[in-house]
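Each chain, written out:
Number of protein chains: 8
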Amino acid sequence: MAKGDSRNHHMDILRECRTNIPEVVFARFKDDHGLLETIKSLLEANKRVLVTKCSRSQMELLNNEFASKVKKGDEISGTMIIVEEEIQSEIIGSVAVVSAGTSDYFVAEEAGISSEFFGLKVYRHYDCGIAGIHRVEGALKTIEEKKVDVVIVVAGMEGALPSIISGLVKQPIVAVPTSVGYGASLNGIAALLAMLNSCSPGVVVVNIDNGFGAAAAAYKTIKWMKNRE
Amino acid sequence: MAKGDSRNHHMDILRECRTNIPEVVFARFKDDHGLLETIKSLLEANKRVLVTKCSRSQMELLNNEFASKVKKGDEISGTMIIVEEEIQSEIIGSVAVVSAGTSDYFVAEEAGISSEFFGLKVYRHYDCGIAGIHRVEGALKTIEEKKVDVVIVVAGMEGALPSIISGLVKQPIVAVPTSVGYGASLNGIAALLAMLNSCSPGVVVVNIDNGFGAAAAAYKTIKWMKNRE
Amino acid sequence: MAKGDSRNHHMDILRECRTNIPEVVFARFKDDHGLLETIKSLLEANKRVLVTKCSRSQMELLNNEFASKVKKGDEISGTMIIVEEEIQSEIIGSVAVVSAGTSDYFVAEEAGISSEFFGLKVYRHYDCGIAGIHRVEGALKTIEEKKVDVVIVVAGMEGALPSIISGLVKQPIVAVPTSVGYGASLNGIAALLAMLNSCSPGVVVVNIDNGFGAAAAAYKTIKWMKNRE
Amino acid sequence: MAKGDSRNHHMDILRECRTNIPEVVFARFKDDHGLLETIKSLLEANKRVLVTKCSRSQMELLNNEFASKVKKGDEISGTMIIVEEEIQSEIIGSVAVVSAGTSDYFVAEEAGISSEFFGLKVYRHYDCGIAGIHRVEGALKTIEEKKVDVVIVVAGMEGALPSIISGLVKQPIVAVPTSVGYGASLNGIAALLAMLNSCSPGVVVVNIDNGFGAAAAAYKTIKWMKNRE
Amino acid sequence: MAKGDSRNHHMDILRECRTNIPEVVFARFKDDHGLLETIKSLLEANKRVLVTKCSRSQMELLNNEFASKVKKGDEISGTMIIVEEEIQSEIIGSVAVVSAGTSDYFVAEEAGISSEFFGLKVYRHYDCGIAGIHRVEGALKTIEEKKVDVVIVVAGMEGALPSIISGLVKQPIVAVPTSVGYGASLNGIAALLAMLNSCSPGVVVVNIDNGFGAAAAAYKTIKWMKNRE
Amino acid sequence: MAKGDSRNHHMDILRECRTNIPEVVFARFKDDHGLLETIKSLLEANKRVLVTKCSRSQMELLNNEFASKVKKGDEISGTMIIVEEEIQSEIIGSVAVVSAGTSDYFVAEEAGISSEFFGLKVYRHYDCGIAGIHRVEGALKTIEEKKVDVVIVVAGMEGALPSIISGLVKQPIVAVPTSVGYGASLNGIAALLAMLNSCSPGVVVVNIDNGFGAAAAAYKTIKWMKNRE
Amino acid sequence: MAKGDSRNHHMDILRECRTNIPEVVFARFKDDHGLLETIKSLLEANKRVLVTKCSRSQMELLNNEFASKVKKGDEISGTMIIVEEEIQSEIIGSVAVVSAGTSDYFVAEEAGISSEFFGLKVYRHYDCGIAGIHRVEGALKTIEEKKVDVVIVVAGMEGALPSIISGLVKQPIVAVPTSVGYGASLNGIAALLAMLNSCSPGVVVVNIDNGFGAAAAAYKTIKWMKNRE
Amino acid sequence: MAKGDSRNHHMDILRECRTNIPEVVFARFKDDHGLLETIKSLLEANKRVLVTKCSRSQMELLNNEFASKVKKGDEISGTMIIVEEEIQSEIIGSVAVVSAGTSDYFVAEEAGISSEFFGLKVYRHYDCGIAGIHRVEGALKTIEEKKVDVVIVVAGMEGALPSIISGLVKQPIVAVPTSVGYGASLNGIAALLAMLNSCSPGVVVVNIDNGFGAAAAAYKTIKWMKNRE
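Chains F, Y, W, A, D, X, C and P are the protein sequences, given in the same order.
Residues 30 to 258 (my numbering) make up the first sequence, in order.
Residues 30 to 258 (my numbering) make up the second sequence, in order.
Residues 30 to 258 (my numbering) make up the third sequence, in order.
Residues 30 to 258 (my numbering) make up the fourth sequence, in order.
Residues 30 to 258 (my numbering) make up the fifth sequence, in order.
Residues 30 to 258 (my numbering) make up the sixth sequence, in order.
Residues 30 to 258 (my numbering) make up the seventh sequence, in order.
Residues 30 to 258 (my numbering) make up the eighth sequence, in order.
Hints listed in this document are in silico derivations from the structure and should not be mistaken for laboratory results.
Here the structure is a predicted model, which is why all the values come from computation and not from measurement.
One should not assume that every hint holds.
[Stated by the list, open to error] Listed next, with one range per pair, are the computed distances between beta-carbon atoms:
(1) Leu65(D) - Asn75(X): 36 to 42 Å
(2) Lys100(C) - Glu73(Y): 54 to 60 Å
(3) Glu104(A) - Lys69(Y): 18 to 24 Å
(4) Gly167(C) - Leu90(P): 27 to 33 Å
(5) Leu65(D) - Ser86(W): 55 to 61 Å
(6) Leu90(P) - Glu73(Y): 55 to 61 Å
(7) Gly148(W) - Ser84(A): 45 to 51 Å
(8) Leu90(P) - Lys101(X): 55 to 61 Å
(9) Lys76(W) - Lys69(Y): 54 to 60 Å
[To be verified] So these bits of chain P aren't anywhere near chain W, every CB distance computed over 10 Å:
(10) Arg57
(11) Asp61
(12) Met88
(13) Glu89
(14) Ala96
(15) Val99
(16) Lys101
(17) Glu113
(18) Glu114
(19) Ser118
Virtual Cβ for every residue (Gly too), placed ideally from N, Cα, C.
Put together the whole structure using the sequences plus the hints.
Structure (structure tokens):
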């Protein structure tokens, strides 16, 4: 067999794998033309597209261009789901998205919408910090009663929330540090380091502000553990 | 109800939770006396103890002290399982531990032994780098055929292995950066950053050299997803 | 007793504790809607609210929305006190806020207004640097004569002022590094490191630009030391 | 008056001030000869000397040299009190020293012995982490019942303990990050950053491993607040 | 010979050397006047000028000023070739410029246009990431069939592409990290570190976003290896 | 003598010292009101004021406010000399200011104007990089023939120019790193580190972009060495 | 075709590629047993093995174990070539290895021996710094007269040597930063950053202390440019 | 004239320049053989050699080898002057070397002995910190009365001493940060940053622990300012 052929096969493996995590669009660094082209070609291929980290003006552009095809769009996080035609996607599992305060909304909601794009039911608890830590209680109650599959915990500043929640629930925890903070938060590095050094065993971490990545990890876990056969 | 009481209850929650991830012993920073005391009291409480990051001399100390109770001990990683009495623990799932080279052994084997402590069957593929990347093939074959629950990928230097494997298998991936490297590897920071920035969605990361943490994450995921009821 | 109940009690402890440091609002990262909602609900609960780190446009928004309820507002630091109804709050102690230069005003005044919000009398010495270090003398005189309870020292660049003042007065010193500087000041990291390495024993440090945090530390100290019974 | 004279007066101020925080000896970086000379001259001047951060061999040297004059000596932290003659020092207040685990002992005990040197009663709770977080309860009980003046909280790794305790007690908190940890703990930088970014208002921070500094801050606060007249 | 003279000779060497890499213009940090003056004088001397890292407004300025002399101009990368008169430059070799995604275009195209300025034929493969990694196949096919002299690989985020391509082709690889990414990408530092730690021997690296530098390295290699006599 | 008095004397020393380096105004971080007030009071006291690091709008403000009193003003560096009345200041020495390229102008000219403010004759060589390194020759010739007292060398990117010039002239060299560069220049950190590690003995360094600081160092050296009696 | 098969083919590509850069052994992080096993299996497969970064005791181990098979061994750099049987390898090109001082020897010689392992003739100039920069002249003369294919420049501290040489010769330059230096050299980071920011276009860089990597890059370039058909 | 010739002349300039700062030997990173060879050849050329940063065992080696030729040797700093024959060198000026504490001795004394090697009279004040800051007074008195030419100020930890002294004397100040400290001192980075951000205009800085560099700067300044004709 010729070498060219073998490379083809190498690609087949990857393509097959990609069916589990569909291509998504990371809008930052893209100019308007490139963004539209990318979305259109994916829309044609997959019928539904997730776009993350849009600027305000990119959100407007997409709202104008895709209008009724925009199924979900959140301005603050810059996250959008665009669908060619509405498909009733099957719910394959559930996540709780818990964040420390409303300031972390832009990351938490990226995780939330991304999870929905992947066919997960999402329980949101975004306001534990601002109106009192007793709202963690609400989150804990949901996590316990709904038996969510995975808990995504989003926090900036000192990043201690994942450790605290990890010590109170049995579910796997995906920790997302955010760039919320100032000074010695170093744009989220402080929260990232704290989460990596969590004394609560088993906390895993994704990139700063990477709500999408946490959703993808949750989805991948649920998909495999529940649907492997 | 008095305040003192309520604090008690707070603790009960935590204690209940701890039953899932048993106390383990992190040997570094401990003097001989403290290390022995800690192990003995846990041994009495839990009948089995995992000790991680022992120095050579701590390994000797424990081998002398606990002798026949040492069920498993790896010198290079400084990991040890000590049991009061041999219990036939149930196997609740499986992991593959894949590492880039024999230099990463000290982290990979910490993940391996820790996983066994948690009751997981472990498939080891530690030599993908040194004798040729075709040994990744062996790892991929195991992962596919054994339908392992979680894949732990251990790598130092540029830390690209988790992304590559993540693109070739359907299982959730826990990435462990190692301090293997020199110069601009910055004791593992380069690998850590690479893994956090993985373009393969869903890769989650633990601390540099934290083989135990990856095993705990795998265990927590498997335990919850399979045994939640 | 059920687990859910016990969690409630856990929260009661915290709520009780919160009465000492009332909720405040950190405006940065909040959108207009979220900011207003947060303030309104706190205003209803506590009758008075401290808002910190407002942008210019947030200051305008709040001035328009709350008008006569704005008791104190400083544009440069973005600090504001909003009250539902004027209450004559008791003065429980005093602080001196000393800063190296007018450039540090935005942090010093956040500390000053926050201290007033907590019921502390504030002595301000903000201009020690620009018109001559002999104005430190004025600060020292105030500190000595007024027997202030705590001294908050605010400085950017090399951050040496807290050490110098700490060596000249008997009061406890809270050091606040600021992001004033350029180049190797690394946005305040240089000042932060200098303060953490102070050769004057007993200097304690808060985050870069965290005037509010210094005021909270001073308040907590004074409240406990004077009112514990 | 000549300029030389005025400089003299400048020094008088400082000398007077020094009576509150007596000179102590930082042993690291000193050779044997210099260490002994420094201690002897201070011993003559002040009758009692605190020595911190001794190496094992420095501890031996001092034990041999000063023998019966060694009032207190802790090998693990390298802290020692040497007295010319035993004086019954007055107890002027109290601190609780709380640490996350036995690994943090070397910093916690430096804080403890230093506090005793300053005439403070010390309540030690060093084992909250290893044998279960329910031992925090013990610490909280002491803090409440003994009405300690200041709480010193010592923690490495993710450094979350000061925030947690700060949310549960009314006393002022001095947070001490430790170098306990590995990998992304960056020798204590992770804990330091977390503490500086604490979402619990009023937490103040000293240098990594600086148990002495925390004790000095506690002493300075207590001395001034209680003895100012 | 006088000292002044000898210094002159020192300069002659350098001037002679410069004929291989002609002066180019780095537009950032230049004001409009300085930019125009610099270009004009180089245009007079060399007849053709390469301008890199222009802002949008600088692009407009140059388009207006030099109009028909603008031979090539790319807005996204801010790269421009201005020629006094069209000269048919000889093609001395070829490069492939491969990038991970359209987001890296601004660096890849700087490398591409710069290579053309140096007289190299350029094969562009800029879209390997977004529409599927099977497009790497296209790049590999070009690299093999066209027997390009040097491969320039451009990637942000985790920066793994150069290692992967380096393991699949025989040509020398110049790796260019880009600032594409967010959070722990640290503006390209993560990609830079990964490339420097590449486990694929022989990968060499230039500065973050330095497409021009990669082109210059490729040119210098080709020029010397092919034209040395 | 009372303590208050002695503090006064302490200040006298400082005030006397200040006569050598007059107060200057660092405009960044100042609001318009504060900037004007500071300048006016210094103008009254000293008759002449140096203002550094003005923004464009601050330059306009000062030009409008002080009009004919503006003796010298450079927009790019934001440096300005304002005089109450023109005084013929004595020239006490000379410096050469050498920079690598026109991009470094904003720092070099701050050094130049500041030097003039201090009464130094300034020889400028700002264009060594862009139009050819043979212009270093011009700088060297000036330095030698004019026997300048001190050479200030300004460079960004790799920061090698001070070492090179230091190896070719006998004068003391003050090196000024600039923030010119991108990517791994880390806003001037690369140049700063290079200069601190210069293999040419005796190179001394000031903060990134600190042209004023270099001028002050040159002035202080010249003033003391020539006028000490 | 089944998926397993295609993965096999993927590996074939890589294996074929590996024939250009043979497997080498990175000794650091390996225990004695692992090191010997790795070398033996490679020796059997390839007949010759390059070992880099051996410790002193590893050097001894290998000298004892392989005795007469050790063709070349340098203690300071810890580099060794072991051959099963002496083969007269063809010289395919040449490099000059130039270093700033004898302190950089341990990196320069790793580059030198590695280059010889790859079949390159090596011209060494290691003493440019210590006995006078006029020895650069010797290096330049060799580079010019021998028409070496590639120049490897090794330097620590400020890392300026590659830029200087790059401005004086026509060959491609591979720059190797070393960890030689102290303080702000940050173990070679200063030299690395300087080289990445070189104002001499076309300088490419490898990891700190990575003499082997520079040799591999030179080899890959020469092999491809000269032997491609 | 041929190109080779011109390069020769380039070197002549440098050699002539070197007569002002004689070659010195940096012992760290050198093996015994290389160290001895380097010293011997310099000794033959220059009759006197300065060796810096020797380890203890290197000190012994040199003491044994050069015996009576060792004119001055300090074990703690690892500094040594070796002379072929005693020459009565002319004193060309003076420096004061002031350090914060005995811990900084190893850097201060490197500066002191290096200054003596350069023919400067040295006034040492090394104990300002440990036995009381009133000893700064002694230093100030010396500086004023002896009218020293340059003041070298050596400090670790927070690095504030140069700013304080700079504000009290008229001489030029060379600041030397030391690696004395721990935790957030980051091996001297904290002191380095503080000195670079000094609010006392005109403070110039050398590398961490670079006592030799400060002496060279002082010498270069004095030599030029006093002996230029």
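Status of the hints after comparison with the structure:
no.	hint	verdict
1	Leu65(D) - Asn75(X): 36 to 42 Å	holds, 40 Å
2	Lys100(C) - Glu73(Y): 54 to 60 Å	holds, 59 Å
3	Glu104(A) - Lys69(Y): 18 to 24 Å	holds, 22 Å
4	Gly167(C) - Leu90(P): 27 to 33 Å	holds, 29 Å
5	Leu65(D) - Ser86(W): 55 to 61 Å	violated, 37 Å
6	Leu90(P) - Glu73(Y): 55 to 61 Å	holds, 56 Å
7	Gly148(W) - Ser84(A): 45 to 51 Å	holds, 48 Å
8	Leu90(P) - Lys101(X): 55 to 61 Å	holds, 59 Å
9	Lys76(W) - Lys69(Y): 54 to 60 Å	holds, 56 Å
10	Arg57	holds, 25 Å
11	Asp61	holds, 37 Å
12	Met88	holds, 30 Å
13	Glu89	holds, 34 Å
14	Ala96	holds, 41 Å
15	Val99	holds, 35 Å
16	Lys101	holds, 30 Å
17	Glu113	holds, 43 Å
18	Glu114	holds, 45 Å
19	Ser118	holds, 37 Å
In summary, the one numbered hint that this structure violates is 5.
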